[in-house]
Amino acid sequence: MNLVVNGVGQALDIDPRTTLLDALREHLHLTGAKKGCDHGQCGACTVLLDGRRVNSCLVLAISQQDAEVTTVEGLAEGGQPHPVQRAFLEHDGYQCGYCTPGQICSAVGMLDELKQGWPSAVADDDLEAQIRERMSGNLCRCGAYANIVPAIVDAR
Amino acid sequence: MKTFEYTAVTDVRSAVGAFPEGAAFLAGGTNLVDLMKLGVATPDVLVDINKLPLHEIEELPGGGLRIGAGVRNSDLAAHPRVRSDFPVLSEALLNGASGQLRNMATTGGNLLQRTRCRYFTDMTKPCNKHEPGSGCPAREGDHRNLAILGASEHCVATHPSDMAVALAALDAVVLITGPDGDREVPVTELHRLPGDAPQLDSVLRHGELITAVEVPALAFARVSAYRKARDRASYAFAVGSVAAALDVEDGVVRDVRLAFGAVAAKPWRAYRAEEALRNGRATRESFLAAADAELTEAEPLRDNAYKVTLIRNLVASTLERLVTA
Amino acid sequence: MTSTAHRAVGQPIGRIEGPAKVSGEATYAAEYPVKDVVYAWVVQSPVARGTLKSVGTADGTLAVLWHGNAPAIEKVDDPELAVLQSDRIGYRGQAIALVVATTLEAARRAAQVISLEIDEEPHDALLTADHPGRYTPETVNPAFPPVSRKGDFDAAYAAAPVTVDVRYETPALHNNPMEPHATIALWEGDDLVLYDSNQHPPGVAATLGEVFGLPAERVHVIAEHVGGGFGSKGTARPNAVLAAMAAKVVGRPVKLALPRQAMFSMVGYRTPTLQRIRLGAERDGTLTAIGHEAVEQSSRIFEFAEQTTVVTRHMYAAANRYTGHELVRLDMPTPRWMRAPGEAPGMVGLECAMDELAEQLGLDPIELRIRNEPAAEPESGVPFSSRHYVACLREGAERFGWAGREHKPRLRREGNWLIGTGMAGATYPAMVQPSVARVRITPDGSAEVAIGASDIGTGARTILTQIAADELDLPVERVRVRLGDSTLPKASVAGGSSGSASWGWAVTGACRELRRSGKDEAVFDSTDLVKKQETDGKHAYGAHFAEVRVDADTGEVRVTRLFGMYAAGRILNPRTARSQFIGAMTMGMGMALHEEGVLDPATGDWVNHDLAEYHIPVHADIESVEAAWLDERDDDLNPMGSKGIGEIGIVGSPAAIVNAVWHATGIRVRDLPVRLDKLLTAGL
Chain V
1 MNLVVNGVGQ
11 ALDIDPRTTL
21 LDALREHLHL
31 TGAKKGCDHG
41 QCGACTVLLD
51 GRRVNSCLVL
61 AISQQDAEVT
71 TVEGLAEGGQ
81 PHPVQRAFLE
91 HDGYQCGYCT
101 PGQICSAVGM
111 LDELKQGWPS
121 AVADDDLEAQ
131 IRERMSGNLC
141 RCGAYANIVP
151 AIVDAR
Chain Z
1 MKTFEYTAVT
11 DVRSAVGAFP
21 EGAAFLAGGT
31 NLVDLMKLGV
41 ATPDVLVDIN
51 KLPLHEIEEL
61 PGGGLRIGAG
71 VRNSDLAAHP
81 RVRSDFPVLS
91 EALLNGASGQ
101 LRNMATTGGN
111 LLQRTRCRYF
121 TDMTKPCNKH
131 EPGSGCPARE
141 GDHRNLAILG
151 ASEHCVATHP
161 SDMAVALAAL
171 DAVVLITGPD
181 GDREVPVTEL
191 HRLPGDAPQL
201 DSVLRHGELI
211 TAVEVPALAF
221 ARVSAYRKAR
231 DRASYAFAVG
241 SVAAALDVED
251 GVVRDVRLAF
261 GAVAAKPWRA
271 YRAEEALRNG
281 RATRESFLAA
291 ADAELTEAEP
301 LRDNAYKVTL
311 IRNLVASTLE
321 RLVTA
Chain P
1 MTSTAHRAVG
11 QPIGRIEGPA
21 KVSGEATYAA
31 EYPVKDVVYA
41 WVVQSPVARG
51 TLKSVGTADG
61 TLAVLWHGNA
71 PAIEKVDDPE
81 LAVLQSDRIG
91 YRGQAIALVV
101 ATTLEAARRA
111 AQVISLEIDE
121 EPHDALLTAD
131 HPGRYTPETV
141 NPAFPPVSRK
151 GDFDAAYAAA
161 PVTVDVRYET
171 PALHNNPMEP
181 HATIALWEGD
191 DLVLYDSNQH
201 PPGVAATLGE
211 VFGLPAERVH
221 VIAEHVGGGF
231 GSKGTARPNA
241 VLAAMAAKVV
251 GRPVKLALPR
261 QAMFSMVGYR
271 TPTLQRIRLG
281 AERDGTLTAI
291 GHEAVEQSSR
301 IFEFAEQTTV
311 VTRHMYAAAN
321 RYTGHELVRL
331 DMPTPRWMRA
341 PGEAPGMVGL
351 ECAMDELAEQ
361 LGLDPIELRI
371 RNEPAAEPES
381 GVPFSSRHYV
391 ACLREGAERF
401 GWAGREHKPR
411 LRREGNWLIG
421 TGMAGATYPA
431 MVQPSVARVR
441 ITPDGSAEVA
451 IGASDIGTGA
461 RTILTQIAAD
471 ELDLPVERVR
481 VRLGDSTLPK
491 ASVAGGSSGS
501 ASWGWAVTGA
511 CRELRRSGKD
521 EAVFDSTDLV
531 KKQETDGKHA
541 YGAHFAEVRV
551 DADTGEVRVT
561 RLFGMYAAGR
571 ILNPRTARSQ
581 FIGAMTMGMG
591 MALHEEGVLD
601 PATGDWVNHD
611 LAEYHIPVHA
621 DIESVEAAWL
631 DERDDDLNPM
641 GSKGIGEIGI
651 VGSPAAIVNA
661 VWHATGIRVR
671 DLPVRLDKLL
681 TAGL
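Top to bottom, those sequences are chains V, Z and P. Per our numbering, residue 1 is the first one in the first sequence, and the count goes up by one each step. Per our numbering, residue 1 is the first one in the second sequence, and the count goes up by one each step. Per our numbering, residue 1 is the first one in the third sequence, and the count goes up by one each step.
Rather than coming from a laboratory, the hints here were simulated on the basis of the structure. Where hints are given, some of them may not hold.
As the list claims (entries may be wrong) - Straight line, CA to CA, 16 Å or less: simulated EDC-like cross-link-like pairs of lysine to aspartate or glutamate: (1) P:Lys53 x P:Glu121; (2) Z:Lys2 x P:Asp59; (3) Z:Lys51 x V:Asp66; (4) Z:Lys2 x V:Asp15; (5) Z:Lys51 x V:Asp50; (6) P:Lys35 x P:Asp130; (7) P:Lys678 x Z:Asp303; (8) P:Lys53 x P:Glu120.
Treat the numbers as computed from the prediction; the structure is a model and nothing was measured.
Based on the provided sequences and hints, a complete structural model is requested.
Written out as C-alpha cells, the structure is:
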C-alpha cells in the first residue's frame, strides 16, 4: 500500500494489523509520533491525516491508501521551524519531550479548527480556556500545560 | 489483535450483501481498533465502510436533519443547523472524547460504542458480555461508574456515548439497512438492556448497517443543552449526564425532552420525568420532583448511589439553565 | 583561578535539546534504528498468587520464554529482576512469560492467546489499618529508622487542651511517565548494548552486568532522551532484563516496549497509605504533641517501605513526638519510588490535620504554622543550614492574596460555584550523591563535559552546560555536555531531587581541576567531599496556596488558582526550575483530585489500568498554576548553593487543594482523591 508522508510517497508492505503509528515508527523510521498508550488515551501519537489531527495509534494503516500524513518531522518549512514549534521553544512548553510532537501536531490541527470556526465545549470569549479544552486530548505528565497554552496563544 | 482479512467497500449494497460470519464494519475505528488490540473484538474480516457515501448531513422537509452514518463527530458538532436548532446534540458531541477522536469517530460508530466497564475491556477477567455465563464481577467489584437503572444480575454496564443521550432526547431514528432490507429503529430502542443476554448490546442483526440517523424537527430544541459531569475537566467519560430540551411559557412547562447518560446500558430517556414536568411549574422544586419520579426505579450498587443525587441535581441545574436561556 | 563572575548560571537559558524535542529528532529508547530487530511482548500473570505449571507454544513466533526454558541468571539484589526464574506467582501482572516474534503485531497476539496452566491459590490484596499481617520494618526508604520518639507523646497528647485525631488515606498512585518503559537489547559478542529508558545509566549497566554475570563495563546503556520517569525508572526494571535475555536466546536484537497497561504493575507505584495523625496543642496553637503513623503495603517478593511519616520529624516544633510505620505484605506488585516518596503522601496527612487544628482553634492556618516554627531540627536538634519556611508562608500569602480570608468554610458562592481557599506547607530534603565528571578542552577551544547522568526532562543537560560555562569562563555555546550513557564517568541517579546538586558538584570540580592543572582534561570525583557532609538539617521549603470552586450540584472540583512559593537555594535556571515546580504542582493536583489505582480485591488488580480510566490532569484542569521563589543563599550545600527542586512541588500541593475544598464546602474528604462522588455522598 501507499501513503504520502510529509509530502513523500511511501510504499509499505505491512501486516494488515499495523496501525498508522507503527507504520510510521517501525516501518518508515519516522519516530516523531510517539507511542504513549497505544489506545487513543494520551494523544502522543497525534498526526495530521489529510489535514486533520487524529490519534494515529487507532488508525489501521491499510485503511489509508494514498492518504496524506503530516508528522512533526514534516512541519518545518524551508528549514524553518513551524511557528508552533518556535513557540514551544520560547515558552519551555515541554520537559521530557515525549508528548511534545503530539502536542505540537495537535496544536497545528486545532488552530486550523479554530480558524474554521469549529465550536468547542467552552464559551467562545475566553481564548485560553478554549485552547485548554481543545487540547485536552494531549496528556503531559511532566505538567507543562501552563507553558503549552501560552505558547499556542502566541503561535496563533 | 487477531489477524483479519481487510476489504474496503464503496457501495452500501455490497457492504451488507457480502458480510460474512465473524465480520465487523470498520468506520472511525476509535473503539473497534482499541478493542481489537485488547483482544475483546476479534473479527475475522474487517469491512471498511469509510468510502461509503454516508458523509452528508441533509436537511429534511419541515426542519429535521438526516445525518449520514459516516459523518465525523467533529463535522456534526460544527454543522450550523445542528448548532442553531439542536444545540444539545452539538454540546453532547463536544463534551465527548478529544478533538482528535472526534475527527475520527463517526455517527454510526459513536452509537455502537461498547461499554467502558473495566471488566469488559480486560479479557483476563470474567464478563458476561464477552463470555456469557462467566459471571459479572462488577456487581461486587468496581462499579462506581456503572448502571443504576435497567441493569440485571448478569450485567451492570453503562453505555458510554454522550451523543446518543442527546439523540435519545431528540427522538432521533436510526436508519438501518441489512441483508433482509431496510428498517428504522428509534435511538431509544437501538440499545438493549442487558436482561439475561448482556452480550447483545443492540437490536442490530448480523450484517445490518446503520446508514443514517434522522433527527426530526422539534422547534423548542433550539432551547436545549447537554450537561455532563465527569472526574476531570475534559477527556473523560461521563459519570452522569443530562440532555434536555425545554419549552416554557409564563413559568409553566409546555413540553420537555429529557435523557440521562452514564446510568444504564442505553441512553436513558426519562419519560416519567417528562410526564411529571409537563404543564407543571418551571421551578427547581418541580424539576427535582420530576427527577425523583424517574429515579424511583434506580437500584444503585454499593458504590454508585451518588449517581442518583448527581442525576437529580443535573436535571435541576440543566433545566434551570434552560428556563433562563 | 576560578571566575566568580557567573554569567550563565541563574539565567533562563532554553533547553539545549529543545530544538530536537520540537522537531521529533530527539531519539528515545525504542526508536533507535537497529538492524534485524525483533519484537517482544510480555505475558503477565492473570492471577495474584499461584504456581505456573506450563506455558504453551505459539505459531509464528521466534521464542516463548518462561521459567521452564529461560536461561538462568545470576543472583541479583532486586528479586523483581529475577524474571522467568521461578514458578511462583507473587502478584497479578507479574511477567511470567515473554513472546518474541518478527513483528509487533504477531508478538502481541501470541502473548494474548498463549495457553497458561496455573495452579491458583487464594490471595490477599487488600490493605487495611487493622490487617493482622502488620509489622514494623527494620528501616524505611532509604535507611531511616521506622519509628521515632521524643518526650512522652501519649501523656502530652492526653493532657493537651485541644486535640485533633484524624485518619487520612491516599490510594495507590502510578508514575505513568509518558514514555513507557522500553528497551532495545543487542549482544555484540559477549558485550551487551541496551537502549533503555531509565534515570540512571551507570546503575542499569551495573545491575544488568550482575544479572548476566558481566562486569559493568561490558554493558553499555544508552539513555540520551528519557520520556519522564518520576522514580519508576530509577533502577533497571524487568523490561531491560527480559529484552537482554530474549536477545540472547533468539540471537537478534530485541525491542521490548511495555504496553501502558503493564506499567501499572511491573515498574513500581506509590503505596497506598493509611495514616493516623494526632496533634495536641495549647489554646494559642502551640503544639505540644505530634503523632503520625502510617500503614503501607509491599509485595511478597520484596520489602519496600515508604518513609511516609519521616517528613513529620522535620516540620514543626513540639516537645513530645511519635512517628511510626507499619507494613503489610500482600499478593500485590512491589511499590517503589514515585515523585517525593514519603513526603508527598505524608504531608497530605500532616498538613490536612494542621488545617483541622486551625479550624478548631479558630486560628489562621498560616499563623498556626508560624507559631510552631522550630529553631533547629525538632528531633535531632541539628541546626538548619537554611530554613525560610516562614518567609515562604508570608511572601506566598502576600502574593496569593490570603489576607482577609474567612476562617469559616462555605461562605463564598458565585452562582452555582462554592469557592474556597486553602494552603499547606512544603518541604523536601536537599540531598547530594557522589558523582564523577570529566571535562576536556577540544582543539577549537570548546569544552566537552562528560557525565553518565540522565536528563529525564529536568533540564540537567542545560544546567550542567551553564555550570561548566561559568567555571571555565566560556559562553554556553562553547560547552557541550554529553550524558545519558553508561560509558561516561559514573553519575548518581536522577532521583531524590539530587541530580543538579550531585552532578553539578562533579562538573564544578572537574572544571576547577582543569583550570588549576592547566591541562586539557580533568576528572573529578565528589565522593569524599559528599561523604564528609552533614546530611541532617538540609531541606528546601515552600508553601502552596489553592483556590478551588466546587459545583454545588455535581460536586465537580476545579482549581481556579494554584500557587507555590519556594525557598530552594540558588535557582540555577529560572526557566527550567519554574517548569519543574509547576509540573510537580500539576501532579499534586492529580493526587488531590484525580489519581487512584482502583483495586479490585477479588482479582488483586488495579482495574483502571490505562490512561482513559486512571485520570491525570488534562489541559482543561490547569487554569492557573504558578510558582515563585525567594533568593536563598546557603553555602553549606554544594559549590552551586542549590537545593533540589524536582519534587517539592508535589509535597503539600495536594493538601492545599484538599483544604481549599473544605473551605469551599465545609466537607473534609479524608480519603484521596477528592472526587464528586465523595462530596455528594457527604451531603454537599
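> Keeping to a limit of 16 Å between CA atoms, is the pair of Lys678 (chain P) and Asp303 (chain Z) held or broken?
Replying inline: The hint holds at about 10 Å.
>> Next pair to validate is Lys51 (chain Z) with Asp50 (chain V); report whether the Cα-Cα distance is within 16 Å.
In response: Holds, at about 14 Å.
> Is the Cα-Cα distance between Lys2 (chain Z) and Asp59 (chain P) 16 Å or less?
Replying inline: Judged against 16 Å, a Cα distance of about 13 Å means the pair holds.
> Do the alpha carbons of Lys35 (chain P) and Asp130 (chain P) lie within 16 Å of each other, as the hint requires?
Replying inline: Not OK: Lys35 (chain P) and Asp130 (chain P) at ~55 Å, beyond 16 Å, violated.
>> Given the hinted pair Lys51 (chain Z) and Asp66 (chain V), is their Cα-Cα distance within 16 Å?
In response: Holds: Lys51 (chain Z) and Asp66 (chain V) sit about 13 Å apart, inside 16 Å.
>> For Lys53 (chain P) and Glu121 (chain P), compute the direct alpha-carbon distance and say whether it is at most 16 Å.
In response: Status holds; Cα separation ~13 Å.
> If you draw a straight line from the CA of Lys53 (chain P) to the CA of Glu120 (chain P), is it 16 Å or shorter?
Replying inline: Roughly 10 Å separates the two Cα atoms, so the pair holds.
> When you check the alpha-carbon spacing of Lys2 (chain Z) and Asp15 (chain V), does it fall within 16 Å?
Replying inline: Holds. Lys2 (chain Z) to Asp15 (chain V) sits at ~11 Å (cutoff 16 Å).
Checked against the numbered hints above, the structure violates only hint 6.
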